[in-house]
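Top to bottom, those sequences are chains H and C. Just add 1 to wherever you are in the first sequence, counting from 1, and you've got my numbering. Just add 727 to wherever you are in the second sequence, counting from 1, and you've got my numbering.
Just so you know, nobody snuck in bad clues.
Computed list of lysine-lysine pairs in DSS-like fashion (alpha-carbon distance at most 27 angstroms, straight line):
no.: 1; chain 1: C; residue 1: K754; chain 2: C; residue 2: K1214
no.: 2; chain 1: C; residue 1: K1233; chain 2: H; residue 2: K322
no.: 3; chain 1: C; residue 1: K1233; chain 2: C; residue 2: K1214
no.: 4; chain 1: H; residue 1: K285; chain 2: C; residue 2: K1233
no.: 5; chain 1: H; residue 1: K63; chain 2: C; residue 2: K840
no.: 6; chain 1: C; residue 1: K982; chain 2: C; residue 2: K874
no.: 7; chain 1: H; residue 1: K156; chain 2: C; residue 2: K914
no.: 8; chain 1: C; residue 1: K954; chain 2: C; residue 2: K982
no.: 9; chain 1: H; residue 1: K285; chain 2: H; residue 2: K232
no.: 10; chain 1: H; residue 1: K63; chain 2: C; residue 2: K874
no.: 11; chain 1: H; residue 1: K322; chain 2: H; residue 2: K232
no.: 12; chain 1: C; residue 1: K1058; chain 2: H; residue 2: K63
no.: 13; chain 1: C; residue 1: K956; chain 2: C; residue 2: K982
no.: 14; chain 1: C; residue 1: K914; chain 2: C; residue 2: K954
no.: 15; chain 1: H; residue 1: K285; chain 2: H; residue 2: K322
no.: 16; chain 1: C; residue 1: K914; chain 2: C; residue 2: K956
no.: 17; chain 1: H; residue 1: K322; chain 2: C; residue 2: K914
no.: 18; chain 1: H; residue 1: K322; chain 2: H; residue 2: K156
no.: 19; chain 1: C; residue 1: K982; chain 2: C; residue 2: K1106
no.: 20; chain 1: C; residue 1: K874; chain 2: C; residue 2: K840
no.: 21; chain 1: C; residue 1: K1189; chain 2: C; residue 2: K1124
no.: 22; chain 1: C; residue 1: K1124; chain 2: C; residue 2: K1214
no.: 23; chain 1: C; residue 1: K1106; chain 2: C; residue 2: K1189
no.: 24; chain 1: C; residue 1: K1058; chain 2: C; residue 2: K874
no.: 25; chain 1: H; residue 1: K322; chain 2: C; residue 2: K956
no.: 26; chain 1: C; residue 1: K954; chain 2: H; residue 2: K322
no.: 27; chain 1: C; residue 1: K914; chain 2: C; residue 2: K982
To spell it out: a stretch of chain C is covered by chain H in this simulated footprint if at least three of its residues, at any positions, have a beta carbon under 8 angstroms from a beta carbon of chain H; those stretches are:
no.: 28; segment: 1005-1011
no.: 29; segment: 1108-1117
Since the hints were derived computationally from the structure, they do not count as laboratory data. Where a beta carbon is used, it is the ideal one built from N, C-alpha and C, also for glycine.
Read off the chains here:
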Amino acid sequence: MRYLPLTPEDRAAMLNTIGAASVDDFYQDVPISARLSGLIEGLPNHQGELAVERHMAALAGKNRTASDGPFFVGAGAYKHHVPASVDMIIQRSEFLTTYTPYQPEIAQGTLQTLFEFQTQVAAMTAMDVANASMYDGSTACAEAAVMACRVTRRKKVVLSGGLHPHYAAATRLLCEAQGIEVIELEPAIDGELELANHVDDATACVIGQSPNVFGTVTDLSPVADAAHAQKALLVSVFTEAVSLGLVTPPGEMGADIAVGEGQSIGNPLTFGGPYVGLFACTQKLVRQMPGRLCGETVDADGERGFVLTLSTREQHIRRDKATSNICTNSGLCALAFTAHMTLLGGKGFAQLAQLNHETACDLADALEAVPGVNILTPRFFNEFAFETPVDAEAVLAMLDERGVLGGVRVSRMLPDAGMGKVIIAAATECTTQDDIAAYAAALKEVV
Amino acid sequence: MGMQTIGRPTAPVVSESGSVQTVSGSKGLLQHEDLIFEIGDAEKTGVDLPVPSGRADRLGGVTRQHATGLPGLTEPEAVRHYMRLSQRNYAIDLGLFPLGSCTMKHNPRLNEKAARMPGFADIHPMQPQRTVQGALELINELATWLKTLTGMPAVAMSPKAGAHGELCGLLAIRQALISRGEGETRKRVLVPASAHGTNPATAIQCGFIVDEIAADARGRVDMADLKGKLESTDDIAGIMLTNPNTCGLFETDIKEIADLIHAAGGYFYCDGANFNAIVGRVRPGDLGVDAMHINLHKTFSTPHGGGGPGSGPTVLSDALAPFAPVPFVVKDADGFHLVEDVEGEGAEAFGRMVAFHGQMGMFVRALTYMLSHGADGLKQVAEDAVLNANYIQARLKDVMTPAFEGYCMHEALFSDAFTADGIETIDIAKALIDEGYHPMTMYFPLVVHGAMLIEPTETESKQELDRFCDALRVVAERAAAGDEALKAAPYLAPKTRLDETRAARKPILKWTPPAPEAIAAE
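With the rest of the complex left out, here is chain H (with noise of 0.2 angstroms):
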C-alpha cells in the first residue's frame, strides 16, 4: 500500500516494544458486539494509481465543462479565469499540507497572507477590517445575522427579496434554530430598497445584496439610513466579488457588515465547493465577529510578525460563548483569491470588472434584438434577468442541444415565486463575442 510506510518487520519490532501481541490489543475497549471480524463487506480492494485515475477520469469525463462551449451559467458562483501562477502556489506544499497557524513562529508564511488577505478584502469591500474568511458566502451571510443580534441585543433580521434563495434558507435555517424571528420580503428583480419600509425598533439587521440574484445593482444607502435611524444594522451581502472593481461596495453605502462570496477570485468552480466566504465590518463591531482573525505583533527580537488574535471570540476558547462554533476557515482558497487579487492590483481588478460589465451589456445588447426577450434587469454588473413567452426549463433544455448553456432558471431556486419564464444569465470576461452570437442565434430558435 503505497502511503502506508510500515513493513511488516517494522510493525512486528513496534508491537515487542509495546510488550502487545497484535493490534487487536489495542482495540479490547471496543465492545464485542461491534467487533469486525474481517474487512467491511461491500467495498472493494485497494487499488494502484493508474487504475483509480481511470475511474475519476471516467466520472469526470460524464460532465460538460464550463469551458466545453457557449456557458452563461451564474446565479452565485462564476466562470472566470485564474491566473496558472494562482494555481502552483496554492499546491506549493508549505502552504497545501499545512494545519492552522496555531504555532505561528513556524506559520508566518501562512499568516503574513491571511493578513493580506483581510487588508485587500477590507478595501475592496470599503469597510474597516475583514477576517480571514469563512466557509462560504451563504454560510458568511447567516453568520452575518446572528452577528448583528448579538451586537443590537434584537431578534428579528429582514431579507429582501433579491437575496440569493439559498443565502435565505442559510439564513433562516441558522435564525430559526436560535428563536430569530426571520422576515423575508417578497422575491424582486428591484425590490433592495424595500427594507427601508421594514425596519422598526425590533429589528437587528435588514440584508439586502448588490448585485442581487437576479443581477440588479443598487445603491443601499437609503436602507442603510432607515436601518440606523433605528439602530439596527445593514448587512450587504455580494455573491460577485468582482463586481466590488466597479460598482458602489457596502462600505460606501454605509453597511455596517459586508458579506459575500469570493469564488470569482482565484478559485474554479468546482461544482460549488469549496469558496470562500468574505466577512468584513465596521472596526466598532470587530470583537463580535465570527471565524478567525489575523492580527501584527512583534516577536521576542522586536521584528514584526503575524498570528492569530481575538481568540476569545473563539469556540475553542469560549466553548459555549463563542460567538460561533466555526473552526476551520476555508485557508487555501484564501489563499487563491489574495494571490489572485495581488497579480490583479486595484488597476487590473477595476480593469476586470469593466470587461465583465461591458461582456454583460453586449450580450443584453444581443438577446434583447431576439423578438420575445425581454430584459428584466433594470440596472446591472454582469448578470441580468431575462423573460421569454417560453417556460424556462424547456428553453435552456433546448438550448442545451444546442450546445450552449443558457443560465440558471429562476424556477429552480424559486419554485413558488411566478417566475417560471424567468432565465438568469451571466457573462464574463471568459466569455467571447462568438459565444454571444451563438447565444443569441440559439435562442432565436427556440423562442
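Go by the hints and put chain C onto chain H.
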C-alpha cells in the same frame, strides 16, 4: 572586486550575541519579505487583460467612488513573494506534524490531480443536471462509501467542515424533536468536559443548553455523573460524544451510554473527528450512534490547506435520516438527480445549510483516497495509526507522564507532571520546533493538566517516529531538569516567540499606510 572572493573563505559579520547580522534581513535561504503593500505598486498588474471600451451604460450610476488602491505585482514578483513566504511554514510534506485530534496525514498527490480534472473543477453547481451526471454519480459513490464504512443508512453531504457537520447533526436532532412535538421541552445536551470546543458552541448555536459531564480517572465518561444527569429525562435532547475521545481512548461504555440516551428519549451525536483510529475496524452504526460528522480533511486525507477548506459529511441513523438537509442526490431510472427543495422528496428536510451542494473538490479527493486504499487498506490505516501512537507512548512513557494507564488509540496523551517547576507545556512545544518538528497539540483536552496530545497518523515510518521520539525524549529530560533555556525557545525558527497578548490588546488587523510624518522622518 567581487570576483576576487571566489573560492576564498568569507567572514560574515557576527554580532555580540553570536548571531549573524545581514544587511538584507535575510538569513541565507530564508529571505526577508515585506508585505505586498510595501513592495507592490497600485499602477502595476500581473495580468494582461484586453483594454475595455469604457461602456457603463447599464449600471445606472451605481458605481464605485473610490478606487481600492490595492497594489499589484507582476508574475515573477508575485511568485517570489509567495515562495519566500512559503519557506516560513512547517508542513506535513516537511516532516511529522503530530497535532493531536487534527490527523495530519500525508495528502496523496493523485487526489490533487483528480480534483483538477476539468470535468470536476470546471463545472458549475447550477448547470442543468443532465450535464453533470458524473458529478452526481461521484457524490453518490462517496456517500455509499461513507455509509458502508460507518454502518449508517444515510448521509448529508453538504456540511462545509467538521463543525458544520456538528451543526447538521444537531439540527437534525432538533427537527426530530420538533416532529415529536418536543422541540420546546427537550433542550438539554450532555457534553463531556473533554469535548472539542466546537461541541458546546454548536449546541448553543442550535438553541440547546449545554450540560457538562465529568471525565473519570480512566479518561472516559464518568458513568455515575452521566446517570445523575439523566435522573430527569424529559428535557434531554441528546449527547455529543467524541469516540475515540479526545484523550485518545475508546469510550468503553459507549453502548451503555447510547442505550441510556435512547431510553431517556434523546439522540446520540458522535463527533467523528477521530474516526481515523477505527475506520475499517469498527462501524459507528454498531455502537448506537444517531449522527456523526466525518472530517474528510482528517480521515480521508484531503489537505488542511493552512486552515481549510474542510468538509464534514454527516451520517444519520434511520431515526434522523428523514430530516437530512437539502440538497441530496437520488438515483432513479433516468440517472441521478438532486432534491433541492423542502417539498416532495425533501418534505421532511430540516432545511438548507449552504448554497449549492457541498465541498465537491474535497469529495473528489476523498473518493480518490478511498479507492486507492480500498476496504483492506483503510483497515490497515487505522491499525497503523493506532500502532504508531502506541509506539510513541511506549517510547516516551519513562521520561514523560502518560495521562492515563493502558494502551491508547490513535493519539498518545501526556500531562505536564514530569516537568520541573517553571517549565510548561508550551516550552516543550517550542523546543520541538528547534528540533525540526511541529509541536503536538498543547493544553487540550482540558481535563488533563498541561496536556500534550500526540497523533502521528499512519503515514509515518518507524525511522521517522524514532527520530521524533529521540528528540522529544531529550527535550522532556531537559524539562524535567528545569532547563531554563527552554523558556526562550524556539531559537532556530523563522521567528522567535510572538507576543500574542500585544496582538489582542490593540488589534492591528490590516496594513495601513505609514503616517506622512513617519515617512518624512525616514
